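Peer 1: What follows is the residue order along each chain.
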Amino acid sequence: KAGVTQTPRYLIKTRGQQVTLSCSPISGHRSVSWYQQTPGQGLQFLFEYFSETQRNKGNFPGRFSGRQFSNSRSEMNVSTLELGDSALYLCASSGVAKPETQYFGPGTRLLVL
Amino acid sequence: GENVGLHLPTLSVQEGDNSIINCAYSNSASDYFIWYKQESGKGPQFIIDIRSNMDKRQGQRVTVLLNKTVKHLSLQIAATQPGDSAVYFCAEKKGGSYIPTFGRGTSLIVHP
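These protein sequence lines are chains A and B, in that order.
Convert by adding 69 to the 1-based position in the first sequence; the result is the number in the working numbering.
Convert by adding 2 to the 1-based position in the second sequence; the result is the number in the working numbering.
Calculated from the structure, these hints are not laboratory results.
Just so you know, these numbers come straight off a predicted model, no measurement behind them.
Beta carbons are placed, not taken as given, at the ideal position from N, Cα and C, and that holds for glycine.
You may find that some hints are simply not true.
As the list claims (entries may be wrong) - Label pairs and their computed distance ranges (CB to CB):
(1) Ser42(B) with Arg132(A): 39 to 47 Å
(2) Ala80(B) with Thr89(A): 41 to 49 Å
(3) Ala166(A) with Asn24(B): 26 to 34 Å
As the list claims (entries may be wrong) - What the simulated footprint calls covered on chain A by chain B, stretch by stretch (three residues with Cβ under 8 Å from a Cβ of chain B suffice, anywhere in the stretch; the number is not a length):
(4) 110-118
(5) 164-172
Given the sequences, and given the hints that come with them, work out the whole structure.
Peer 2: The structure is reproduced here in C-alpha cells:
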C-alpha cells in the first residue's frame with residue numbers, strides 16, 4: 070500500500086497570504102488528522118476529519134481550517150499567514166480496524182516571510 | 003535538523019550498544035501508547051505500540067515497557083545502529099479519544 074502523501078513538500082509565503090495544503094491518506098483510511106510541528110512547541114494537533122466531517126479540533130485560531138472529500142483526501146487552509154505559522158505541517162491517517170494508530174506523511178514545510 | 007530544539011533531550015550511544023529512551027506520560031486514563039521515530043526531513047514513523055493491559059511488548063530489535071504505577075514508558079533498542087539516529091516520540095491516547103497526545107521527543111545520536 071502506498072503511504073500518506075502530502076503536497077506540496079515545501080512552500081514559501083509572505084505574511085497576510087493564505088495557503089492550502091493537501092493530504093492523500095493511505096488507501097482505505099477514512100480518518101485524517103493534521104498536526105503542526107515546530108522546534109519550540111513540538112507536535113500540536115490541529116483537527117481530525119472522518120467521513121468528510123470534522124470530528125475533533127485542537128486549540129488553534131479560526132485562521133486554520135480544513136476539509137475532507139468523499140475520497141478521504143483532505144486539505145487544510147491557513148488564512149492571513151503570520152510569521153509564527155512557519156512550521157512543518159503533518160498529515161496522518163488511520164483505518165477503521167485500528168483507529169488509534171496514525172500513519173504520518175512526510176509533511177509540508179511552510180516558511181512565512 | 004527541524005526536530006532539534008533547545009529543550010530536546012539527547013541520548014548519545016555507540017553503535018552496537020543498547021539504547022533506552024524514556025517517556026513519562028501524564029494521564030492515568032490513557033489506555034494506548036505508541037512510539038514513533040522521526041528522521042530529519044521526514045514525518046514520524048510508527049515503531050511499536052502497547053495497550054494498557056500489557057507491561058511489555060517486543061518487536062524487531064525494539065521492546066516497549068509500560069509501568070502504569072509510575073506512568074512511565076520506555077523504548078529499548080537492541081544493538082543500536084547509525085540508522086537508528088532520529089528523534090523518538092512517545093504518544094498516549096486516552097480511552098474514548100481518537101487523538102493521541104505526543105511527548106516532546108528525545109534525540110538519539112548513534113556514533114559509529
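Peer 1: Hint compliance check: list the failing hint numbers for this structure, sorted ascending.
Peer 2: 1
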